[in-house]
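Assemble the whole structure, with the sequences as input and the hints as a guide.
Residue numbers (UniProt numbering), protein chains in the order written: chain F, 1 to 226; chain A, 1 to 421.
Check before you lean on any hint, since a few could be wrong.
[What the hints assert, rightly or not] With a Cα cut of at most 25 Å, we get these calculated DMTMM-like pairs of lysine to aspartate or glutamate:
| no. | chain 1 | residue 1 | chain 2 | residue 2 |
| --- | --- | --- | --- | --- |
| 1 | F | K82 | A | D279 |
| 2 | F | K198 | A | D258 |
| 3 | A | K308 | F | D191 |
| 4 | F | K203 | A | D305 |
If you are wondering where the hints come from, they were derived from the structure by calculation, not from laboratory data.
All values reported here derive from a predicted model rather than from experimental measurement.
Letter by letter, the chains look like this.
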Amino acid sequence: MKILVIEDEAAMLDNIVDALKGEQYLVETADNYDSAIQKVSDYQYDCIVLDISLQNTRDGLDILRELKKLNKADGVIIVSAKNSLDDKVAGLDLGADDYLAKPFHLSELLARVKAVIRRRSFSGNDHINAGNLKIDISQQSAYVGEQPFITNRKEFEVLLYLVTNKNRLVNRAALAEHVWGDHIDSADNFDFIYSQIKNIRKKLKDAKALVDIQSIYGVGYKLQAE
Amino acid sequence: MKLLNYTSGYFLIVLMVIIPIWAGLFYYAMLDEVYDSMDDGLDNQRQLIISKAALDTAILTHKDFEEGNYAVMPVSPNAARKHTDLYIDTMMYMQNEKDFEPVRMLQTVFRKGEDYYQMRVITSMVEEDDLVSELGYSLMWLYFGLVATILVLNNFLLKNIWKPFYRLIRQLQTFKLTNIQQIKMSQTRVDEFNLMQNTVQLFLDNTVSVYNQQKQFIENASHELQTPLAIAINKLELLAEHNSLGDAQAELLETALDNLERLKRLNQSLLLLSKIENDQFEDVREVNVNLLINKLKDDFSDQIDFYKLVFTFSEQSQCIWRMNPDLADIMFSNLIKNAIKHTPQGGIISIKIKSSSISFENEGSAALDESLLFQRFHKISKSESSTGLGLAIAKAIAKVSLLSLNYRYEGKHIFTVTPAV
Numbered sequence: 001m002k003i004l005v006i007e008d009e010a011a012m013l014d015n016i017v018d019a020l021k022g023e024q025y026l027v028e029t030a031d032n033y034d035s036a037i038q039k040v041s042d043y044q045y046d047c048i049v050l051d052i053s054l055q056n057t058r059d060g061l062d063i064l065r066e067l068k069k070l071n072k073a074d075g076v077i078i079v080s081a082k083n084s085l086d087d088k089v090a091g092l093d094l095g096a097d098d099y100l101a102k103p104f105h106l107s108e109l110l111a112r113v114k115a116v117i118r119r120r121s122f123s124g125n126d127h128i129n130a131g132n133l134k135i136d137i138s139q140q141s142a143y144v145g146e147q148p149f150i151t152n153r154k155e156f157e158v159l160l161y162l163v164t165n166k167n168r169l170v171n172r173a174a175l176a177e178h179v180w181g182d183h184i185d186s187a188d189n190f191d192f193i194y195s196q197i198k199n200i201r202k203k204l205k206d207a208k209a210l211v212d213i214q215s216i217y218g219v220g221y222k223l224q225a226e
Numbered sequence: 001m002k003l004l005n006y007t008s009g010y011f012l013i014v015l016m017v018i019i020p021i022w023a024g025l026f027y028y029a030m031l032d033e034v035y036d037s038m039d040d041g042l043d044n045q046r047q048l049i050i051s052k053a054a055l056d057t058a059i060l061t062h063k064d065f066e067e068g069n070y071a072v073m074p075v076s077p078n079a080a081r082k083h084t085d086l087y088i089d090t091m092m093y094m095q096n097e098k099d100f101e102p103v104r105m106l107q108t109v110f111r112k113g114e115d116y117y118q119m120r121v122i123t124s125m126v127e128e129d130d131l132v133s134e135l136g137y138s139l140m141w142l143y144f145g146l147v148a149t150i151l152v153l154n155n156f157l158l159k160n161i162w163k164p165f166y167r168l169i170r171q172l173q174t175f176k177l178t179n180i181q182q183i184k185m186s187q188t189r190v191d192e193f194n195l196m197q198n199t200v201q202l203f204l205d206n207t208v209s210v211y212n213q214q215k216q217f218i219e220n221a222s223h224e225l226q227t228p229l230a231i232a233i234n235k236l237e238l239l240a241e242h243n244s245l246g247d248a249q250a251e252l253l254e255t256a257l258d259n260l261e262r263l264k265r266l267n268q269s270l271l272l273l274s275k276i277e278n279d280q281f282e283d284v285r286e287v288n289v290n291l292l293i294n295k296l297k298d299d300f301s302d303q304i305d306f307y308k309l310v311f312t313f314s315e316q317s318q319c320i321w322r323m324n325p326d327l328a329d330i331m332f333s334n335l336i337k338n339a340i341k342h343t344p345q346g347g348i349i350s351i352k353i354k355s356s357s358i359s360f361e362n363e364g365s366a367a368l369d370e371s372l373l374f375q376r377f378h379k380i381s382k383s384e385s386s387t388g389l390g391l392a393i394a395k396a397i398a399k400v401s402l403l404s405l406n407y408r409y410e411g412k413h414i415f416t417v418t419p420a421v
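Shown next, in the form of structure tokens:
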């Protein structure tokens with residue numbers, strides 16, 4: 001899988017590249033408009049992570065326009081520090097697949113990248129595995145072996161997020177934000193998240209799933225196949 | 001006191017002082033003129049009588065006034081020499097009035113041959129008290145006339161000339177910094193009003209521009225903070241991926257991440273506030289509040305269960321309000337979040353939808369200060385993680401959505417959202 005990251009902030013670029021490489025993706029980078037345009041016209045990428053606010057006269061939206069003109073079908077995730085509705089609407093209108101506002105968690109970016117790649121690579125048969133746990137994304141259902149694994153909606157989302165980021169540390173805040181969104185915004189609620197994870201762990205154990213959700217320091221959780 | 005009454009009051013008092021003074025002076029001036037002309041008349045008569053006496057000696061025996069207006073009496077030459085002409089006011093019995101009436105009398109002496117005679121000539125005088133009362137009445141009428149004229153004139157002038165002033169005041173009363181709508185000034189024929197309008201306009205322009213700059217600054221600062229924040233959070237996330245961390249390092253890392261998260265939330269809340277206040281949520285449509293709250297009830301059900309809160313929701317009516325759907329979501333979420341945060345475990349939270357109000361009630365032991373409650377960064381709990389912006393955001397949303405959000409305490413905390421009147 002080949003991914004292009006277009007970002008002019010060096011430290012930010014490093015972070016994204018590091019995270020993507022950890023997932024065994026082939027990562028290329030561009031830190032300005034011209035090299036970005038050159039790369040998108042010469043190669044085909046499975047996903048492009050594009051910072052919309054490049055420090056240049058021409059910004060990320062111009063790159064999107066160029067892509068559209070070139071009739072490229074690369075999946076694009078826009079990253080923006082502006083978190084403005086206008087950027088989001090303009091970007092999605094120009095054919096971007098997703099929009100992510102800075103600051104974001106790397107696990108969130110990875111989940112979005114994977115979702116974009118998945119949507120483009122497989123059609124219909126949309127599932128991911130960890131151990132004997134299988135998650136059918138389009139059906140919004142989980143299985144342990146062949147047995148349906150019954151969860152409520154939030155539990156399903158937690159599980160999906162952890163499985164998507166399997167073998168990676170998922171920050172508590174990232175998990176909370178992904179699953180409960182704006183409805184949870186205080187560190188007081190980490191006890192609450194802990195209790196949710198405890199419930200899922202118990203359910204997984206009862207269903208004899210061969211996956212384990214570890215607490216990593218106080219920072220977050222990591223799902224691993226046993 | 002209204003300007004109209006104020007100036008009228010001044011005129012009334014000033015006239016009350018000025019008119020009697022003027023009346024006194026006028027009275028004496030008139031009286032002086034009257035005496036002067038009477039004395040001239042008496043003097044004329046004297047000359048007529050003296051020249052008549054030269055021809056007719058009978059006049060010299062005319063000792064009493066009787067039917068004439070003069071009396072003649074011989075005097076010694078010595079007395080005559082000492083005598084000077086005298087004009088005096090005296091009283092004399094008048095047949096017609098059957099009373100003593102004031103008369104003006106000239107006392108003089110004249111010589112006929114070797115003899116000296118004293119002569120008194122009288123003329124009837126204007127009745128002084130009649131004059132004073134006549135004058136008094138006239139002045140009173142003058143006073144009332146003047147006051148009435150001034151009142152009418154003043155009223156008219158104030159209503160017309162001061163029109164630009166009142167127009168400006170009316171506009172200033174409704175002026176709000178957050179409202180972009182400008183004050184409309186029109187040139188008037190009065191320099192002072194133009195000066196005032198221009199000064200006010202200049203002042204407002206300056207204030208608005210400073211306000212906008214500050215708003216812009218907050219927005220820019222918040223935007224500029226996003227990238228460094230993202231980098232810092234992501235670097236620490238990458239660091240946490242290393243398995244080599246000891247517990248002590250992990251704890252440091254955890255604290256750093258928690259605080260960066262807090263900073264991130266603060267920053268996003270500030271950005272949201274400034275966007276709300278800039279009216280950047282233009283998409284206004286009909287929002288079914290019942291549906292929205294039912295959805296939020298589901299979204300929060302995990303937390304409500306976790307904190308063992310009792311949640312009651314009564315829908316007595318359907319509420320459909322025109323507002324931005326995202327903002328509606330944020331406002332009601334913040335109110336529910338606030339209730340969850342501040343209700344003790346096992347406490348009751350209830351939401352009631354009535355025909356024109358939605359109330360959020362939660363248990364609490366003491367009333368809160370409403371004036372502080374909706375202020376930015378006002379924190380009730382000592383919670384480190386709270387941004388102190390949740391209710392400020394809800395209030396700001398209510399304001400831009402033409403709703404009003406109020407708090408009251410009736411043994412429990414009650415937040416009510418109603419359409420603004």
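Now the hints, each set against the structure:
At roughly 16 Å between alpha-carbon atoms, K82 (chain F) and D279 (chain A) fall within 25 Å of each other, so this suggested pair holds. The straight-line distance between the Cα atoms of K198 (chain F) and D258 (chain A) is roughly 21 Å, inside the 25 Å bound, and the hint therefore holds. Proximity of K308 (chain A) to D191 (chain F) is assessed by CA-CA distance (about 13 Å); at most 25 Å being required, the pair is judged to hold. With a C-alpha separation of about 18 Å, the suggested pairing of K203 (chain F) with D305 (chain A) holds against the 25 Å cut-off.
Of the numbered hints stated above, none is contradicted by the structure.
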